[in-house]
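Participant: Residue numbers (the numbering used here), protein chains in the order written: chain A, 14 to 313; chain B, 14 to 313; chain C, 14 to 313.
Hints are computed from structural coordinates only; laboratory data are not their basis. Hints are supplied without guarantee of correctness; some may be wrong.
It does not matter which identical chain is meant; a pair holds if it fits inside one copy or across any two.
What the hints assert, rightly or not - Derived DSS-like pairs: lysine-lysine, alpha-carbon spacing no greater than 30 Å straight-line: (1) LYS286 with LYS245; (2) LYS290 with LYS90; (3) LYS90 with LYS190; (4) LYS55 with LYS290; (5) LYS244 with LYS90; (6) LYS229 with LYS90; (7) LYS286 with LYS160; (8) LYS245 with LYS90; (9) LYS244 with LYS178; (10) LYS90 with LYS231; (11) LYS286 with LYS58.
Single-letter residue listing:
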Amino acid sequence: MSNIITLLTDFGQEDPYVGIMHGVIYGIHPEAKIADLSHSIKPQKVEQGAFLLSNSYRYLPASTVHIAVVDPGVGTKRRAIAIHIREVGNFIGPDNGIFSYILQAESSRNAAIEVYELTNPVYQLPLQSSTFHGRDIFAPAAAYLAKGTALSELGPNIPLEQLVKLNFQIPEWEVKKSGKAKRARGQIIHIDHFGNLITNFPASLFADLSQEQLDKLKVRYGTGLTITGLKKTYNQSKKTAFNINNIISLFNSSDYLEIAQINGDIATLLASKIGQKVSVEVPLNRETTLLPENPTKTEN
Amino acid sequence: MSNIITLLTDFGQEDPYVGIMHGVIYGIHPEAKIADLSHSIKPQKVEQGAFLLSNSYRYLPASTVHIAVVDPGVGTKRRAIAIHIREVGNFIGPDNGIFSYILQAESSRNAAIEVYELTNPVYQLPLQSSTFHGRDIFAPAAAYLAKGTALSELGPNIPLEQLVKLNFQIPEWEVKKSGKAKRARGQIIHIDHFGNLITNFPASLFADLSQEQLDKLKVRYGTGLTITGLKKTYNQSKKTAFNINNIISLFNSSDYLEIAQINGDIATLLASKIGQKVSVEVPLNRETTLLPENPTKTEN
Amino acid sequence: MSNIITLLTDFGQEDPYVGIMHGVIYGIHPEAKIADLSHSIKPQKVEQGAFLLSNSYRYLPASTVHIAVVDPGVGTKRRAIAIHIREVGNFIGPDNGIFSYILQAESSRNAAIEVYELTNPVYQLPLQSSTFHGRDIFAPAAAYLAKGTALSELGPNIPLEQLVKLNFQIPEWEVKKSGKAKRARGQIIHIDHFGNLITNFPASLFADLSQEQLDKLKVRYGTGLTITGLKKTYNQSKKTAFNINNIISLFNSSDYLEIAQINGDIATLLASKIGQKVSVEVPLNRETTLLPENPTKTEN
């Protein structure tokens, strides 16, 4: 298999939880290479973890084993699972929807996906707590898998359809009543270390827009903040009488729409929070306005 | 020896202190595998470091070298030491009590323990600061030890009895005046990332209780908070008129009594602090009440 | 080359940015050993990053590849560079002055220095964002370099003189008007996890002082704080009527003057900030006072 194992949890870095998982992994598989993606998912916020993992996995080799533990149901009957996506990666964690973004994206590309339930005690620590399956079940499973144990050894194959799915929404275009513009509604899904506001609008939503439409695109957030057009970098704006705070929108490094303040922290400036609404509006192309019987409502 | 080295310090992660220790280790022992247990021990809080290390070391192979640096006496005459506990692990750090919890636990199991003072300059950096022995003494000693240098090369053997001991107390049962119940007094020893309150009551203190006693067990904390009974997971409670905040107690993943709020942060809710008192009370078994001349006062 | 790669960024640890860089490195160079020096540089504070990197690199083998990413100009025309300093190390990052402290120190030792611009797309990720060159350009370049790719493969050699330089000032002595003392003016350049105030006065500035001068040295900071003399460790002071807060100055583990509170956090006590002024004053030696036509104004 591989030696690379990634970790994404809501454990923080103050406690020994993460280091113990590293130790368990090295104890089983001394050749492992561990990359910590994030341990700062907000406690129990499965969707935030799901989103950030979906931004990360494509930058790791397909042989990587990704562990994700945001697990409010630890110790209950929720399943522990391993997912293999061919030519993409291996994913280990609770069956609570934390892999939903990835499964949605990869299913839409018709990737070959297999799911196994982690039930074989041979690949778990002998004494199990009911509060720390990261240590007792997920870390050992990942270490054995990376070391070469077959997925089918970890437990029975289960149908993909049985997995818990997050009920997340990808924004879609709607034609406005006027018939002259279309709008999509989304939200802030993550606020990064720099205070940048990452929304759930994927770049693919904008793929069919003309340059004229992109130039006239309006991003609306909060009470009164409207940003016109998209920038390519954090340095393509200058302070003007109309934009004294140097606020821009752009596609971020994971291809989602982001609202940023140049060399500043807009989240602190505006006391932003995950879940706040953001909308995007563009004028409709002439052809489209002439064809109201065929309204633009699509995800591509 | 081994390649796994763990680190536990009060250095935080903002400064390059930890990364420099990693670099010094890799420079001496390129095959090392480093697991960071925690760098968020409260500055100079040796006991907190000692407690968290004692919760972690059993999950690492016995060949592991554990470095612990919470070291208010750095640069003074306090000794630098290496401890080898057979079939358990190797421990490197200042002689200030930071290994007290582990030594107490392992001594009580009659483990074979050897102690060495780190005096041999061959296994230290050539230029030494008087403020950063993690870099200059402990990291090199651990790297050489993990790489195969004999403990006796690092410096002279010294008697275990000479080590500085923390004066910590493990809670003990006392029969209440009424003769109908027994009580133990302890404290909050750590607050984790989720705001869970970890106390210094080990699960072993409760090992002899009957199920009836466990069901009637009362955990008291602060002004007026009383929790009855123990849960097994974070999901075995529901909000009631009598427990509107969903506060429970349970044994945590390290087998200490923990007070938690389900999907919440009780430490923030109650402005909890390390060192605050917690007490536990259980009704006495009938037999025990009949034998007041043999009061329950034991650690097991 | 080597397997050790260090990272220093302003990315924080909440987001997957750092973990993705680890993953990209391991994907290219599975034998890499990564040491995270710091990810807590204040956002866009190139000088703080430059200073902390200059405190760290000497503790790593000369074969190490150091990546530094504090990069407010990402996506603009600023160059991406690799620097090789013979017998010292390799440095990869944006050409914005982040290596200025190191280049100043190593140039003054006449080290052999070569610079290359990172232009060869073969050693970059195929799809590049304009906001995350740490992932797309710097991590791949470092991984290939560590794996054995020649520097000259990464792009064209460019003259050292063309690099962007930080305009930082190393404090210098000035004779006071009285002719009886000399003074140097500097500032706080970093505040560490313990709240220690690290200034930009290098120990070398004090190398020629007599013991009498050192004993009478006065460190002045803020309104009214004057510390007399230097300590060697955090334990060489005791609380007195004149120093109720136990504040001392000493040379820290990187040989810069530091102001510290013993077992305390002076930065919180005094609400200190990076950039605040600090001055140092010593009485002049008799000989020097007799020779006012030759004032002490030197860096050594």
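Participant: Against each hint, give a clear statement of whether it holds in the structure.
Facilitator: Hints versus structure:
Proximity of LYS286 to LYS245 under the C-alpha cut-off of 30 Å is restricted to the intra-copy arrangement: shortest distance 24 Å within a copy versus 34 Å between copies. For the identical chains of this complex, LYS290 and LYS90 are neighbours neither inside a copy (34 Å) nor across copies (34 Å), given an alpha-carbon limit of 30 Å. In this homomeric assembly, LYS90 and LYS190 never come within 30 Å of each other (Cα to Cα): the closest approach is 48 Å inside a single copy and 44 Å across copies. In the homo-oligomer, the alpha carbons of LYS55 and LYS290 lie at most 30 Å apart both inside one protomer (19 Å) and across protomers (29 Å), since each shortest distance falls under that limit.
Taking the shortest alpha-carbon separations for LYS244 and LYS90, only the inter-copy value of 15 Å comes in at or below 30 Å, while the best intra-copy value is 47 Å. Taking CA atoms no more than 30 Å apart as the test, LYS229 paired with LYS90 passes between copies only; the shortest distance there is 26 Å, against 51 Å inside one copy. With identical chains, the CA atoms of LYS286 and LYS160 are never at most 30 Å apart, being 41 Å at best within one copy and 42 Å at best between copies. Taking the shortest alpha-carbon separations for LYS245 and LYS90, only the inter-copy value of 13 Å comes in at or below 30 Å, while the best intra-copy value is 47 Å.
Taking CA atoms no more than 30 Å apart as the test, LYS244 paired with LYS178 passes between copies only; the shortest distance there is 28 Å, against 34 Å inside one copy. For a Cα distance limit of 30 Å, the shortest separation of LYS90 from LYS231 across copies, 27 Å, qualifies, whereas the shortest one inside one copy, 46 Å, does not. For the homomeric pair LYS286 and LYS58, the shortest alpha-carbon distances inside one copy (13 Å) and between copies (25 Å) are both at most 30 Å.
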